[in-house]
Every structure is written in structure tokens, then in C-alpha cells.
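Chains as they are written, first to last, in the numbering used here: chain A, 69 to 452; chain B, 62 to 726.
Please note that a few of the clues may not be correct.
[Said to hold, decoys possible] Calculated cross-link-like contacts (lysine-lysine; reagent style DSSO-like; alpha-carbon spacing at most 30 Å):
hint, chain 1, residue 1, chain 2, residue 2
1, A, Lys297, B, Lys487
2, A, Lys70, A, Lys297
3, A, Lys282, A, Lys297
4, B, Lys439, B, Lys487
5, B, Lys459, B, Lys487
6, B, Lys214, A, Lys282
FYI, nobody ran anything at the bench for these hints, they're computed from the structure.
Owing to the predicted nature of the structure, the values given are computational and were not obtained by experimental measurement.
Listed here are the chains, written in short residue letters.
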Amino acid sequence: MKAGRTLVVARKEWLEIRRDRLFMALCLLVPMVLMLLFGYGLSLDVEHIPFAVVDHDDTPASRDYSARFSDSRYFDFRGRLADEGAIDRLIAANALRAVLVIPPGFGRDLGAGRAARVQTVIDGTFPVRAMTMRGYVLAINAQASADLALERARAATGADERSLAALAQPVRLETRNLYNQPLRSVWSMAPKLIMVILMIAPPFLTVLGVVREKEGGSIFNIYASTVSKAEFLVGKLLPYVAISLFNALLLFGLARWLFGAPFKGDPLCFALATAMYVACTTGIGLVISVLVRTQTAAMVVVAIVTVVPAALYSGAIIPIESLSPAAAGVAHLLPAMYYAQVATGSFLKGVGWPVLWPNLLVLAAYAALLMTVGYLLFSKRPRA
Amino acid sequence: MARAALVTAMDGSPAGAAVVNLRGLVKRYGAATAVDGVDLAVRRGRMHGLIGPDGAGKSSLMKIVAGVLAHDGGTLEVFGQAVTSERSAERVKQRIGLMPQGLGQNLYAELSVEENIDFFARLRGVDEQALAARKRQLLAMTRLERFRERPMKNLSGGMKQKLGLVCTLIHEPELIILDEPTTGVDPVSRRDFWAILDGLVDERGLTALVSTAYMDEAARFATATMMLGGRVLAEGTPAGLLAALPATVVSVRCGEQVEAQRRLGAHFRDTMLRGAWLRTVVDAAPEEPASERARRAEARVREALAGLAVEALDTAAPDLEDLFIARAAPAGAPAPLPASAPAARRAWPPGYHAIEAHGLVRQFGDFRAVDQVSFTVKPGEIFGLLGANGAGKTTVIKMLNGIQPPTAGSGSVAGADMLRAPGQIKRRIGYMSQAFSLYLDLSVRENLRLFAAIYGVPRARRAARVHELLRLCDIQGIEDMLAGDLPMGRRQRLALACALVHEPEVVFLDEPTSGVDPVGRRRFWDILFHLARAEGVALLITTHYMSEAEQCDHISLMYAGRVVADASPEQLKAELGARRGALWAFDTSAPQAAVEALRDAGFADASLYGTSVHLLDPDGATLAARVAVALAPLGIAAGPPQRRPLSMEDVFVERVLELEREAAR
């Protein structure tokens with residue numbers, strides 16, 4: 069393999085990419101746009117839930133109780149409803165997601181030391197969201213009940229607040245969320261998005277570049293010349309790897325500074341893993357482009373082969389532990405999961421070489437395997 | 062044999078040793094066989110042609126020879142090297158240059174002329190000093206020097222092909238393989254390309270394997286191999302090939318053309334319409350002496366036409382296309398068209414034109430695609446719109462169809478105004494596009510029914526109309542085959558049938574015969590002839606086959622968006638003859654040098670045509686003497702000049718060159 073000829077091929081490819089404005093724009097804008105769209109759109113936080121109250125009681129006690137909901141950052145108070153009749157319609161129209169119904173006699177029951185009843189109506193369309201809302205409702209209600217119980221006990225016994233609190237709640241729970249203290253989902257999403265986008269974009273660029281040459285017929289210049297397979301493939305892929313690495317840098321910047329995700333790990337380790345991962349995904353593109361003949365077919369295959377594994381078998385959305393054993397097995401066979409662990413580890417957990425080296429090893433092996441398969445499948449004297 | 066070729070090649074072999082040797086070569090793609098047992102030897106220093114329509118197996122064969130496609134059977138030796146694997150193919154690649162098919166398809170659109178050349182050179186490991194020298198020389202030779210910096214995508218078709226040739230030659234190969242380098246290129250650039258190629262083969266002792274789909278280019282090769290369906294139909298020198306066809310071409314002008322065609326079709330195997338003429342190939346009887354052939358052929362034609370008024374009759378020698386057809390369909394394949402019920406000819410008011418175009422202009426930004434185009438087409442007339450790719454033909458059709466509004470000008474089609482009633486036009490015309498817009502996964506019958514429904518043919522009429530069309534277009538018996546499984550010729554006739562479902566009075570045909578073999582093309586023209594003459598349909602057809610242009614009643618030549626000639630083919634040729642004289646051909650001992658000497662001596666349009674020299678001259682009597690004078694200083698002997706019929710290509714080339722000279726002034 070001669071470096072000179074490799075560079076001749078790479079330089080030609082680079083000139084073509086640079087002058088094809090549309091292609092260049094696609095190369096640089098698509099990853100960024102994907103990051104912005106997913107970063108802002110894929111937030112799993114449930115906050116500002118549109119919420120209304122039907123207060124049949126309308127006593128200081130009922131108003132006090134409903135205020136606990138309206139004052140929290142999780143619920144957005146949209147107003148009071150006269151009766152339950154409108155609830156169905158408003159939830160169906162997505163104007164409300166939760167309604168609190170306080171029956172008549174709420175204040176009287178409380179005043180009399182009896183148990184009062186309230187009802188919440190929750191939009192159950194999205195189970196995950198409904199569960200989260202239910203959790204909020206339960207927590208606010210528990211707090212309200214505890215406060216009321218405390219007050220009653222004090223009124224009845226005259227004991228001091230502290231001892232009463234200890235009596236009512238013998239175990240007090242304190243939770244601390246490691247690595248992502250405020251549980252901001254975008255912090256954990258951003259590194260995973262880098263993984264997803266670097267899974268999808270490099271193969272797309274690669275197949276477009278290689279298959280374009282096959283479809284047009286200029287590949288015959290390569291077949292007919294004495295340039296070796298390795299010289300051609302390396303030269304051809306170099307510019308695409310370079311563009312993808314530049315994109316990786318861009319995505320890192322967006323994750324770090326636009327979404328504010330903290331980066332606590334080893335930059336060198338992360339950079340190296342990223343380079344290997346890009347080599348892997350470019351390799352996927354290479355193998356696909358050797359096998360298909362038209363750009364359309366190439367795009368479809370890339371979409372199927374990359375998007376699904378990146379989204380579902382990488383731990384991006386569903387943790388690997390929650391997958392079925394078979395699906396988890398699949399995840400272990402694909403490179404995405406290993407890089408996702410590197411990305412999350414580097415950004416949020418601050419781990420480096422000691423923990424991540426096996427992942428880098430897997431990525432390197434994967435890249436080598438794909439490139440070898442691509443090399444063996446590529447022929448300068450094909451059968452068709 | 063192979064050893065011998067290798068040995069001689071090494072020590073400056075004599076011309077004529079085989080550089081490429083194929084024996085029983087087979088190439089299959091799945092179930093389809095593209096090359097079916099071909100034997101071929103390409104001799105050193107020769108220009109060897111492969112002639113045949115799309116799908117004949119030319120491209121596969123050339124790619125196999127170039128070592129870029131694996132074959133399935135038979136043996137292949139290139140420069141004495143048996144090519145059996147990727148590795149063995151690599152060993153001879155440095156000595157081969159390949160230019161694949163497609164206008165500029167193998168070049169890099171975004172790269173400039175110079176960058177393209179540099180890339181090919183560096184890919185082949187040409188050192189920078191040699192590259193600079195060769196680049197200068199080749200650019201000068203192809204007259205691309207001025208365009209060094211221009212991006213390839215902005216070159217014309219002819220320039221792209223010349224650049225392709227430069228890129229193929231930059232590593233100085235001994236064998237060049239050019240796949241249809243002239244397809245879709247205008248005739249002027251085509252001649253230019255051949256002249257350059259002839260020069261190269263002559264000066265450098267290059268061996269060239271060149272393919273073409275144009276039958277009329279076959280005469281340009283030292284050896285021509287005609288291919289069809291993956292097999293060799295005929296092979297030899299152009300003269301030798303023609304000698305193998307003992308036949309005479311008789312052309313007749315006759316008032317009752319429809320009846321005359323029916324009768325000739327019944328007697329002879331190959332009859333076709335050429336404007337006002339009918340052209341028939343009359344095979345000689347087995348022992349007929351050559352000197353008697355023309356006279357006897359004429360007598361037999363007159364006998365067949367007994368009782369009809371023959372206005373004029375001409376006899377000529379057959380050409381290579383006649384040979385191709387004789388070999389491809391020896392049984393006289395195209396059966397006469399089934400006599401359809403004479404459709405009630407519509408009555409038109411006097412002076413009515415089926416198509417009128419007045420001063421059509423179409424501007425795209427700075428680029429004027431169509432410039433002041435005017436013409437008229439009468440009912441029952443076959444009108445040819447000719448020009449190279451990019452001359453503006455398709456834009457004219459789109460404007461007439463109301464698909465694209467003109468920047469200026471007006472027109473009408475089938476009595477409807479182009480500007481005010483484009484909807485009406487669409488209902489009254491048939492349109493058959495280059496790509497045959499058929500549904501390939503539907504059967505023949507399903508396609509016809511679908512188009513009938515789309516065009517709003519009344520339900521009660523549909524079945525009868527489909528039946529009529531199956532008969533008219535000769536696609537009976539294959540009603541249930543999928544369109545995608547049909548061979549090109551039949552697919553083309555199905556596309557025509559689909560364009561005719563609603564009995565349009567005007568039919569537009571945009572390059573309908575691209576890629577169809579000559580036999581299929583003749584069958585197709587028979588149907589067009591029937592439509593025009595028997596049913597009074599006006600036909601507007603575009604083509605880049607100059608030989609097809611001769612079959613039109615009336616043609617307009619378009620060049621750079623303008624109409625540069627507008628008359629019947631006969632008139633155009635007569636007019637060229639009157640201005641510039643007849644076309645003469647003669648053989649010389651050194652054709653390339655002779656052409657240059659003759660040009661210097663004032664024969665401006667002297668050109669090389671295969672191994673003979675062609676030129677236009679008004680004075681046949683003194684021509685031989687003047688040619689002898691011009692060639693004497695070089696010691697070149699010339700044979701006696703023979704008069705050749707002018708072709709539409711001659712007309713086109715002369716017109717365009719004159720326009721270019723005017724523009725230069």
C-alpha cells in the first residue's frame with residue numbers, strides 16, 4: 069500500500085465533498101440538527117402538568133389542600149371547574165392532564181377529626197407519564213396528611229412538634245441522586261445522543277459516497293486501474309472519518325455547553341473511544357455499500373441497520389437490564405452499547421481507563437472486524 | 062498462440078498480432094445470459110468495433126476484457142495473460158485504459174478538467190513531469206486547453222467524452238476500451254471524436270476496442286463485430302461484411318404509398334418508409350451475377366408494384382444496417398402489419414395544422430434553452446425534431462404539451478391553444494417518453510386497461526380498443542406477460558400502444574427508439590407509418606439517430622436552442638449537394654496523413670471514415686486529379702473517388718460548422 073495513492077484518492081474525495089454544497093451541508097448540519105431536535109424533544113421529565121380543581125367544598129381547608137398541588141413545580145394550575153362534567157372533554161382535548169376533585173364536606177370531616185376523601189383524575193394515555201403523575205399526587209397527599217396529623221396530635225396532646233414528628237414517622241428517608249443530582253434527563257440523554265447520532269450519520273455519509281461512485285460508473289476507474297483495494301478503501305473512507313470526527317467534536321460541544329451536561333471523565337479516553345466508534349460505524353457503512361448497488365437501497369439498509377439498534381439495543385432509552393434476555397444478548401453483540409457506556413461513564417460518572425478499557429477493546433475489535441469484512445467483500449473484478 | 066502473442070508484444074510486435082483473445086466467452090447475470098459463447102480476437106494497432114443495440118452484450122464483454130468484471134465461462138487472454146482471477150487481471154491493467162459507458166458518468170462532476178486528468182494520472186502512478194507534458198499534448202489535441210479550469214459538470218456532451226478520452230489515455234495504455242463513446246453526442250462532436258481517435262490509433266499504434274449503437278458508425282472500424290443477444294452476428298472489415306450480403310436496395314417514390322408498402326412487404330423481407338420514398342432490400346437469387354443484380358432487383362420491384370404509378374426509382378448498394386437486419390432476422394421477421402379496418406379519417410379544414418409553434422422561447426436564468434422556435438406539422442405528417450442532448454428538444458415538447466409555460470411565443474396543438482387550453486391539449490395528444498412510462502409489474506393487458514381508464518376511454522369502448530391496439534402494435538399473444546419481462550422492442554411497442562389508447566390526433570414521441578435494436582426499430586416505424594398514413598395522426602418524434610431522421614416527412618434541426626434547418630430530408634440533402642457538391646469517398650495508402658494534406662490543400666471537410674477519406678466536392682470530373690496533386694508531395698496514392706449518397710449527418714454537420722464559423726466571425 070502506497071501512502072501517495074491513498075492520498076490521491078482521499079484528496080479527490082475531499083474536493084468532491086467540499087464542492088457539492090448540498091452534500092457538505094448534509095454532512096455538517098444533520099448531526100447537529102438531530103442533536104438539537106432530540107435534545108429538546110426527547111426530554112423525559114414530567115413537569116408543569118396542566119391541572120384543574122373541582123372544589124365542591126370551597127372551605128379554607130379544601131383551598132389549603134389544593135394549593136399544595138398548584139404551588140408545586142410539577143403542576144400548572146389552569147383554573148377551577150364548576151363540576152365533574154367537563155373533565156372528560158378537557159382531558160381528551162389535552163387541555164388538562166390531571167384534575168383534583170374535592171367533595172362537599174371535606175373541611176367539615178377534617179374539622180371533626182374524620183378521614184376526608186378526595187379524588188384525582190389522571191390522563192393515562194402514556195403509562196410512564198401517568199405513573200410519574202401518580203407518584204407526585206401520592207407524595208403531595210402524603211405530605212398533606214402528615215402535616216394534618218401532626219397538627220391534630222399537637223392540638224390533642226400539646227406535645228412539642230419534634231417528638232410528635234418522630235412518633236408519626238419513625239424512619240425518615242433522605243435520597244441523593246448520584247451523578248445527576250437534579251435528575252435532569254437531558255444530562256443523561258446528551259451523551260447517549262452522541263452515541264445514537266454517531267451510529268447513524270457516518271454510515272449514511274459513507275454509503276452515499278461509495279455507492280454514488282458505483283451508481284454513476286466512476287468506480288470502474290478504480291477497478292480498471294492498478295490502485296490496490298486497501299489504497300482505495302482507506303483513501304475513500306478517510307475524508308468521511310474526518311468529517312465524522314469533526315461532528316463528534318461538535319456534538320460534544322453541544323452536549324457540554326448547550327445542554328449543560330457535566331463532563332467529569334478522562335478526555336483522552338473518551339476521544340479515543342469516539343474515534344474507534346466512528347471507525348466502527350463507518351465500517352458498517354462500508355460493508356453495506358459493498359453489498360448494495362443503488363443509493364436508495366443503501367439508505368434504506370442503513371436506516372434499518374443503524375437506527376433500530378442505536379435506539380433500542382444500546383441502553384439509550386431502555387436500560388439494558390430491562391431488556392429481555394434475548395434482546396440484551398443482541399445489545400451485547402452490537403457496538404452501540406459499549407460506546408453508550410463509555411459516553412455515560414465519561415460524562416456523568418467521571419470514570420476513565422480503569423473501568424472503560426474493556427469497552428475500548430471491544431470497539432477496536434469491532435472496527436477491525438468490519439473493515440476486514442468490507443475489504444474482503446470488495447472486489448475490483450466483481451461478478452455483477 | 063497466447064505465448065506467441067506475448068513474445069511478439071514484448072519485442073515490438075508486428076501489427077496484427079492478437080492483443081485480446083476470447084474463446085467461447087460466457088457471462089450470466091442470474092438467469093439471464095449477457096454474453097453467450099463469443100470468440101473474438103482484437104489485433105494490435107487496429108480499431109476494432111463492437112456494433113449492436115442495448116443488451117447485445119457489448120458492455121459486459123468490454124468490462125470483462127478490461128478485467129473489471131468476472132466471466133462465467135470460456136477463456137480470455139489479454140496481452141498473452143490468461144485472465145482468470147482478480148490477481149491475474151491486475152497484471153495487465155496498467156497496459157489498458159477503460160472508458161465506461163455514459164456521458165461523463167465516470168468523470169467527477171465537481172472536479173475541473175485539469176483535476177480530473179490529474180486524478181486519473183496519479184491513480185495510475187504517472188510521475189508529475191510526464192503528467193504535465195502529456196496533459197499539455199492531449200489537451201491541445203482535443204482542443205480542451207481553454208477549459209482547464211472549468212468544472213466537468215459544465216462541459217457539453219462532446220467535451221465530456223473528449224475529456225473521458227484524455228483521462229483514459231493519460232497513463233499511455235497500449236489498449237483502450239471505449240464503451241459507446243459517441244452515444245447521445247451531437248454529430249459534429251461525434252465526427253470530431255472519431256477524428257481524434259483515428260489520429261491516436263494511427264500515430265501511437267494504439268489498439269482500440271470501441272462499441273457503438275449507431276449502425277452507420279460501423280464503417281469507421283478496421284474490423285467490425287456485430288452483436289445481438291450476446292452472440293456474434295457477423296464479423297469482418299466493413300467492405301468484407303457488405304460483400305457478404307448479395308442484395309440491392311431499391312427506393313421507390315409512389316403516389317399510393319400505403320398500397321405500395323403492403324405489396325412490397327408481401328414480396329420482400331425488409332421494406333421501410335423514408336419520407337415520400339419506400340426503401341426495399343431485394344435479396345439476389347443464389348447464382349445471380351453481381352453485375353445483373355441491380356437491374357433484376359429493379360425489375361422485381363416494378364413487377365410487384367404493377368398497376369401503381371411509380372414516380373421515381375433508385376437502386377443502391379445495401380449498408381451495414383441492412384446486413385445487421387438480414388443477419389438478425391433472416392426469416393424476414395417483421396410480418397406485414399395486420400390490415401386494420403381503415404379508421405374513418407377525420408376531416409380537417411384546409412390549412413389546418415395539427416401542431417403550430419410560433420417564436421417559442423424558454424429562458425432558464427441566464428440560459429436560453431429554446432430560442433425563437435417555429436414550425437408547423439400537418440395531420441398525417443411524421444415530423445422529426447433533431448438535435449444532440451441539450452439542444453432544447455425536450456423543452457419544446459414540454460411547452461407544446463402545456464407542461465412548461467414558454468417565456469415568449471405561442472402555439473397550438475390539436476386545435477387547442479397552448480397558453481389558454483393546456484388541459485384540452487393533454488386530452489387530445491398521446492405522449493410516449495424516452496423512459497417508456499409503463500408499470501413494469503403489470504401485465505401488457507393491465508397496462509393498457511390502466512391507461513385507458515386514466516385517459517377516460519368510455520368503459521364500453523375499452524375492451525375493443527385494447528384489442529385493436531394489441532393488433533396494431535403487434536403485441537398479441539403476450540397479453541399476460543409482465544411489462545418488465547418484455548424485451549426492449551416489445552416494451553417500446555407497448556408504450557406506444559399506451560400512448561394511443563384515447564385515439565389522439567397528435568402523438569409526441571421523445572426518443573422512443575433509444576436502445577432498441579434495428580429490427581425492432583423498423584417494426585416500430587411500420588406502426589408509425591400506419592398511424593400517419595392510414596389514420597391521419599400527426600407525429601412529432603425526437604431522435605439522435607441521424608439515420609432515423611431520413612424516415613421523417615419533414616424535420617427541424619435544433620442546435621443550441623435554435624432551429625437551424627427546416628425542410629424534408631430530401632430537400633435538405635439536395636440543398637447541401639447544390640451548395641457544396643456531392644460526397645466522395647476514396648481509399649488511400651495512408652488515410653490519416655492524406656486527410657491532413659487534403660485539408661491543407663483546401664478540402665476543408667476532408668475527414669477520415671474508417672479506412673477511407675470522405676469529402677464534399679462539386680466537381681467530380683476533376684476531383685481525382687486535384688486529389689492526386691494534393692497528395693503527390695507526400696507520396697500517397699489515392700484510389701478513384703466514388704460517389705456516396707449524402708446523409709442527414711452530413712447535413713447536420715455542415716450546418717452546425719457553418720453556424721460556428723459565422724459565430725466566430
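Structure-based check of each hint:
1. As the CA atoms of Lys297 (chain A) and Lys487 (chain B) are separated by approximately 53 Å, the hinted pair breaks the 30 Å bound.
2. For the hint linking Lys70 (chain A) to Lys297 (chain A), the alpha-carbon distance of about 11 Å falls within 30 Å, and the restraint holds.
3. At roughly 15 Å between alpha-carbon atoms, Lys282 (chain A) and Lys297 (chain A) fall within 30 Å of each other, so this suggested pair holds.
4. Our distance criterion of 30 Å between C-alpha atoms is met by Lys439 (chain B) and Lys487 (chain B), whose separation comes to about 19 Å.
5. Simply put, Lys459 (chain B) and Lys487 (chain B) have alpha-carbon atoms about 11 Å apart, close enough for the 30 Å limit, and the pair holds.
6. Using a Cα cut-off of 30 Å, the hinted pair Lys214 (chain B) and Lys282 (chain A) holds, with the two alpha carbons roughly 18 Å apart.
When each numbered hint is compared with the structure, a violation occurs for hint 1 only.
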